[in-house]
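4 protein chains.
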Amino acid sequence: MAVSPFDSAIYRDLFHDAEVGKLFTDTAEVRAMLLVEGALAKAQGALGLIPEVSARAIHRASLELQVDPGGLARETGQSAVPVPSLVKAFRTAMQAPEHSQYAHFGATSQDIMETAQVLRLRQVLAICEERLTTLIKALGTLAEAHADLPMAGRTYGQVASPVSFGQMVASWGQPLLRHRDRMRELRERVLCVSLSGAAGTLSAMGDKGPEVRAQLAEALGLADPGASWHSERDRVAELSSLATMITGSLGKMGEDLTLLVQSGFNEVRLAQGGGSSTMPQKSNPVLPSILVALARHVAGLNGVIQGATVHRQQRDGAAWFAEWLALPQICMGLARALSAANELAPGIAPQPDRMAAAIDDGTGLIYAEALSFALARRMPRPEAQAAVKALCQEVQKTGTPLADLAARDWPDADFGALFTPAAQLGTAPAEARAFAQAAMAL
Amino acid sequence: MAVSPFDSAIYRDLFHDAEVGKLFTDTAEVRAMLLVEGALAKAQGALGLIPEVSARAIHRASLELQVDPGGLARETGQSAVPVPSLVKAFRTAMQAPEHSQYAHFGATSQDIMETAQVLRLRQVLAICEERLTTLIKALGTLAEAHADLPMAGRTYGQVASPVSFGQMVASWGQPLLRHRDRMRELRERVLCVSLSGAAGTLSAMGDKGPEVRAQLAEALGLADPGASWHSERDRVAELSSLATMITGSLGKMGEDLTLLVQSGFNEVRLAQGGGSSTMPQKSNPVLPSILVALARHVAGLNGVIQGATVHRQQRDGAAWFAEWLALPQICMGLARALSAANELAPGIAPQPDRMAAAIDDGTGLIYAEALSFALARRMPRPEAQAAVKALCQEVQKTGTPLADLAARDWPDADFGALFTPAAQLGTAPAEARAFAQAAMAL
Amino acid sequence: MAVSPFDSAIYRDLFHDAEVGKLFTDTAEVRAMLLVEGALAKAQGALGLIPEVSARAIHRASLELQVDPGGLARETGQSAVPVPSLVKAFRTAMQAPEHSQYAHFGATSQDIMETAQVLRLRQVLAICEERLTTLIKALGTLAEAHADLPMAGRTYGQVASPVSFGQMVASWGQPLLRHRDRMRELRERVLCVSLSGAAGTLSAMGDKGPEVRAQLAEALGLADPGASWHSERDRVAELSSLATMITGSLGKMGEDLTLLVQSGFNEVRLAQGGGSSTMPQKSNPVLPSILVALARHVAGLNGVIQGATVHRQQRDGAAWFAEWLALPQICMGLARALSAANELAPGIAPQPDRMAAAIDDGTGLIYAEALSFALARRMPRPEAQAAVKALCQEVQKTGTPLADLAARDWPDADFGALFTPAAQLGTAPAEARAFAQAAMAL
Amino acid sequence: MAVSPFDSAIYRDLFHDAEVGKLFTDTAEVRAMLLVEGALAKAQGALGLIPEVSARAIHRASLELQVDPGGLARETGQSAVPVPSLVKAFRTAMQAPEHSQYAHFGATSQDIMETAQVLRLRQVLAICEERLTTLIKALGTLAEAHADLPMAGRTYGQVASPVSFGQMVASWGQPLLRHRDRMRELRERVLCVSLSGAAGTLSAMGDKGPEVRAQLAEALGLADPGASWHSERDRVAELSSLATMITGSLGKMGEDLTLLVQSGFNEVRLAQGGGSSTMPQKSNPVLPSILVALARHVAGLNGVIQGATVHRQQRDGAAWFAEWLALPQICMGLARALSAANELAPGIAPQPDRMAAAIDDGTGLIYAEALSFALARRMPRPEAQAAVKALCQEVQKTGTPLADLAARDWPDADFGALFTPAAQLGTAPAEARAFAQAAMAL
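Protein chains in written order, with the working numbering: chain A, 1 to 442; chain B, 1 to 442; chain C, 1 to 442; chain D, 1 to 442.
No lab work stands behind these hints: they were computed from the structure. Ideal Cβ placement from N, Cα and C applies to all residues, glycine included. Hints may be right or wrong, so weigh each one.
To be verified - With a cut-off of at most 20 Å between alpha-carbon atoms, the simulated EDC-like pairs for lysine to aspartate or glutamate come out as follows: (1) A:K137 / A:E98; (2) C:K88 / B:E383; (3) C:K88 / D:D361; (4) D:K22 / D:D148; (5) A:K389 / D:E218; (6) D:K88 / D:E75; (7) B:K397 / B:D414; (8) B:K88 / A:E129; (9) B:K389 / C:E75; (10) A:K88 / D:E383; (11) A:K208 / D:D148; (12) D:K208 / A:D148; (13) A:K88 / B:D13; (14) B:K88 / C:E383; (15) B:K397 / D:E129; (16) D:K389 / A:E64; (17) C:K389 / B:E75; (18) B:K397 / B:D412; (19) C:K208 / B:D148; (20) C:K88 / C:E98; (21) C:K208 / C:D353; (22) D:K88 / C:D13; (23) B:K208 / C:E52; (24) A:K397 / C:D353; (25) A:K22 / A:D68; (26) D:K88 / A:D68; (27) D:K208 / D:E218.
Unchecked claim - Reference listing, derived: stretches of chain D covered by chain B, where coverage requires no fewer than 3 residues with Cβ under 8 Å from a Cβ of chain B: (28) 126 to 133; (29) 158 to 172; (30) 264 to 278; (31) 281 to 294; (32) 360 to 368.
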């Protein structure tokens, strides 16, 4: 089945991410839940809450037994949560009722599902942080290599003043450095065990609840939140927010590349291009388009997650289900956006001649601001601005280059290198190199 | 794989909809695309654009041959669109190059994918309209049966004045009647063929383009839009808007039911309830929660679709891909919400005694507005309102019923049936019956 | 105050719309509410529900008296709804307690606020429909004038095959024609009176409720919905959906224009351009940017409105308040987007020479598809496609025009006008003219 | 004007926040921009970029002169940015062309607008952090006071097992503690100067750009980002994400309170209640509804901000304008939600008797889980669960309390205090107190 292209065989190499995808299979979900049940039993055995021999049996079985996901469907369709039928199937499979009765002792479905989810989110974060680092480094290399390569800076799609390609690359990478910090900050808040019992009090575990939670956390390598958090959804919301911000930043990179490779611009060439079913000449910027599409999709789903923070009482079915529908796709979108960006980055080849052509189409209008500042040394600045504005209009009407008109009007002036891009790069090269350095230092 | 619970075996009976789900499988997508290619060839053969014998061969093959979806993955990963590899695989499978060369003649990927999508949307709409009608009728029956059953009307969660349960049911059903009209209006706009060629001009079909489109439309039982619409996304946006509105209306029904079945209220009993993994007494309103969750999910995805109407130039990869990620889920969400509502409706059992208890908790405060109007016949209305407001405060302090206090203060007044729900139902029964009648007339 | 730029003096000429803006002032809100109270009293007087002399007094006062909006703030801050304090202030101002006591008889705040809102929405719709029609006609003129003007069709930002500028304009206008139909369909559903009483039963009006509603509707020139709809939010949702779709369609026009006027492209010139504080040469496409920004903003707010259809019980404070925060801005965004598009449309000047240059940068690659179809007459089509693909690569490597390579490889072939845009326009001119005709027929 | 209720006189005490509102007036915007221009000139004077005497004159004038916001409207309507006309008006007002010519030297509009915005965001953050702290402390007091007060824990709206009211309050407060950490983390990223020049290179400032930025930052008490960030929108996105998460968490508190004060529940009384225009008895939970409405509104607008991170090239008009439309409202929504919560918190009065009644409606079903664990000591747990499930059904059929049935079936068992809430609170009191302690430690 493939209601989502993330789950489709056809679109497997376009949207799916194998590494993260395998964390969000039915099998992986069952596996992770059993792992939590096993670790829970072990902790409860150690604390004397259930017989240690049973704890050991449950723990071992949780690692060894297979439970068929499809077999859980019918009861899950009724209870919404798959845990009741999973526990039932697990107990049956154990064939040791004297031990299996102690499985899922004093826990509720959300404890198991949520902790099992956090286990997989840990891997998602690890994978994504690594991809983020790889991407930052690739962009660092690119920024360094082209720190001094002039290109037209564009605002509102209009040529503004020169920048360097390396600086533009740095503008893609700088937010990623900050996202990396954000990811580290959230990790501690997000990667913790959830163990609350029926309504948040762990009452069925007597006075051992907090100790069970602590040992469970330790066994699973997660943090102990020190309290129930089943109805506090800020952890999930924070992860979703960050995924949205990261895919958004990658979307900007995708958008910029889509514009740079436009026919007529061709200021960048990409190693990969997509073909058309009818146009032999086409090489479509598929990967940049994916970055933009995923940014939009994740942002849409983020709205679902943020809305679900308004979570009622001790458990809100509707709000929780909404998270189920959105969160795995958000993880997948994030992971795929990062992998797509990593496929793209090493193949980004700027075309200096095309960039040079775009900077100066012969009119030299891109130097208008620079000229106005040069003239401001000989006349009040508002006058200089007005004079240059008039010249710009003359350029547009007559096609005569701005430099020629300037020479005509101020024959005694020496504008030096003013009408060359290299003279106008300002902080661009330094910013490109500073980013490269930060990237390399990771 | 199951990044989306819509695609999961575990959650199959919770979120998945078998009937609509089978329209959004990889196989169904391939099948629909081949169907379009076949019908296109037939139309082109009839118009002499390609040899008729080849057209017949292609058409026949399109019905008979199987193409493995997974085999399209690699090239789709590069081109984004699966059509180039599908056409290649189809031609190979035909084993008749002299004919197969005429397959996909002058069309572009979007023509095939989009028309194939419309074919499936037609079925989605047919299924959903039928479910909508069934649901309206079920609600009509319920509204009719309980047209006179008094219950507490609640605003801001506070008891306001009496309504009837039948009227509340009518308030769920009335928007559905309007949605049914909307669905019929959009059908004509949405269910049309898309045939544009490479960039919208059908230039490769000489002067036969419009005729091909007309015949293709006729062959597929779709409307002929009379023009290219590949970059005009209002059709998709309208479908998504309607799905959002319908799931929203069903969400309200879900929310109202969730509140009515609250422990302590129990004004309604549902035939189905979900169990807990640890609390034996629980019977959770799973279906109502699903309605609310789907309403939220669809609304989030609708934002993606609406954003994609800002579709650049003659084809915008990013905007189009964003639709792929969201639209099938929207259809599925709509279909599942309707089926869940249809599972729910016949099992909704109002509890008259509980409703009566909620109307009057002994204080009779719900009759405050009615009393104020009765008193307004003997004194200026602002005075009456102030007098009743003072009485209400006395009720809240002392617990003495409002009726007793009224009798005390206006011993000569005959308030008749004022303090009975039946006297306060106003238009409620009539509205319930009017809806029932409209529902039955479908 | 100006938390929203829609309300700011600085941004008045950028985002604000004077005509619609004056419908959403505090004064206009108070005025519309008083108008409803007056019409309600009149209807109730005619039906004998309140003394006719009082009804006349209330009606007259509702037209003549002023109530200071600021004076309602304190009580509104407590009750959320401004009606209690408005009624109080109105009664005081009437200085005729014997009559004023019958004001707001049996109605609830939502009746007054919602009907007052519908009155203003009627004007919003009238204004917007007129603007829509004006815009469609302006686009029709443009499409007609440039029906045959060739320009490069672009998919994924890459030159695809030729289209005509008139056809592109038609692709902006065609959705607007459909939106006009949608607006007419929704008008009947949306423009109706809301009169429900405290919880939807009009019980305080005895058996006269429906008649009062009918007369109120007639007096205000609105439709009589025939039932209470205070908790059925599909009407508001439909209006919001349509506003979202329209601004989305205008956003596409804005996006296309932003790309067409890009420095380096300059295929279109706009009459208006925005200046920079530092760059004398800049002429930024401000109006197209506004179209895109409003499309995004309205789409974001639409999510709020759609979410609010999940409206609890007989009145849901939170859901209703959420509508207040979003709906006026949606109306304003729609109105401003239409006015901005109307400012833009007459000043859109395509530049044929720039368009010609973009079609053929000297390589003739845009004719690749056409060549492949021409060759398919002499060899199997897959072979032709492969041959042309190879030539395209040679073009890209050597810079030799495709036409020259074709002449070299098939010296005997007569490709006629194949390598000219006029030969490749297909249905474009006809589509442009068909749209122009439809526009003129409005 | 009042397109947004945030800007309305009528809704001033409902939605508006005076303290934050005054940061988002036209006057405040002009003032902040002038402040930045003044500080910029001062920095440039100190570095010899402009004459020091002129710098001093500009700086002084920036503090003293008034510029009428309305006077900027016309040109802002054309250029979109108000800075060109502001600089013009400022220069005119200075009446010293020899000095004023050096105002806005080498800066672009975005530098001024964005830094001026950051100055106001600093105040927003300071105000909100203080409110957050106040709120956390108020909740801490409440949690402490009611740490042991039993109430029914509810999942899916169904009574689950007992919790304590103090623990529920802690569940509102715990996310706020984390939000406070998040706010501190983002402060350093967000509160920095933006100075980029025309397209990001500060080229007009020669080699002094970075020094000017550093001194400007110091003068304004903001951080120096060390690079241009005009096209990197993650800072704005992070602020919006956090505002969304905070209002979402407050929305949960609002939702829980709305449910707790429901007629029929009345487990909490609020100090404030909103009246109705027709129902004398009503006391609506207005403040909780506001919390929920603001959560939804901010979440909708957050989608606009997140979408705007896909910001094109060196400046993207559409993306930037979209931020203008959404960000101030997000700040206002956050501030108002916090003030509303602070109005609410001290007046939250739990009603122990009503809570006790809800825990046990006489059936004792809430103790079902506890009974199953007690029985699991005498029989295998699955058997115990099944036995209790059967008893629950008997309770529901016959109305006999669970305790009686348990005593009947296991006459020899001593269930002790099992059927009392106090015995079932588990970790609830400790969690409430731990939160209170953390709150007090702030």
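Agreement of K88 (chain D) and D13 (chain C) with the hint, judged by alpha carbon distance not exceeding 20 Å: Holds, at about 18 Å.
K208 (chain D) paired with D148 (chain A) [C-alpha distance capped at 20 Å]: 18 Å, holds
Holds or violated: K389 (chain D) to E64 (chain A), with C-alpha atoms at most 20 Å apart: Given that 20 Å is the threshold and the Cα spacing comes to 31 Å, the pair is violated.
Given hint D353 (chain C) paired with K397 (chain A) - CA-CA distance at most 20 Å: 15 Å, holds
Holds or violated: K88 (chain B) to E129 (chain A), with C-alpha atoms at most 20 Å apart: Roughly 39 Å between the alpha carbons, so the hint for K88 (chain B) and E129 (chain A) is violated.
20 Å Cα cutoff - pair K88 (chain A), D13 (chain B): 18 Å, holds
Given pair status - E98 (chain A), K137 (chain A), alpha carbons within 20 Å: 56 Å, violated
Agreement of K88 (chain C) and E383 (chain B) with the hint, judged by alpha carbon distance not exceeding 20 Å: The given pair, whose Cα atoms are some 12 Å apart, holds under the 20 Å limit.
Agreement of K22 (chain A) and D68 (chain A) with the hint, judged by alpha carbon distance not exceeding 20 Å: With Cα atoms ~16 Å apart, K22 (chain A) and D68 (chain A) stay inside 20 Å; holds.
Pair hint K389 (chain A) and E218 (chain D), alpha-carbon separation not exceeding 20 Å: Violated, at roughly 34 Å.
Restraint check for K88 (chain C) with D361 (chain D), where alpha carbons must lie at most 20 Å apart: With Cα atoms ~43 Å apart, K88 (chain C) and D361 (chain D) exceed 20 Å; violated.
Pair hint outcome, K88 (chain D) versus E75 (chain D) [Cα-Cα no greater than 20 Å]: Distance ~10 Å between K88 (chain D) and E75 (chain D) Cα, so the pair holds.
Checked against the numbered hints listed earlier, the structure breaks hints 1, 3, 4, 5, 7, 8, 15, 16, 18, 21, 23, 26 and 28; every other hint is satisfied.
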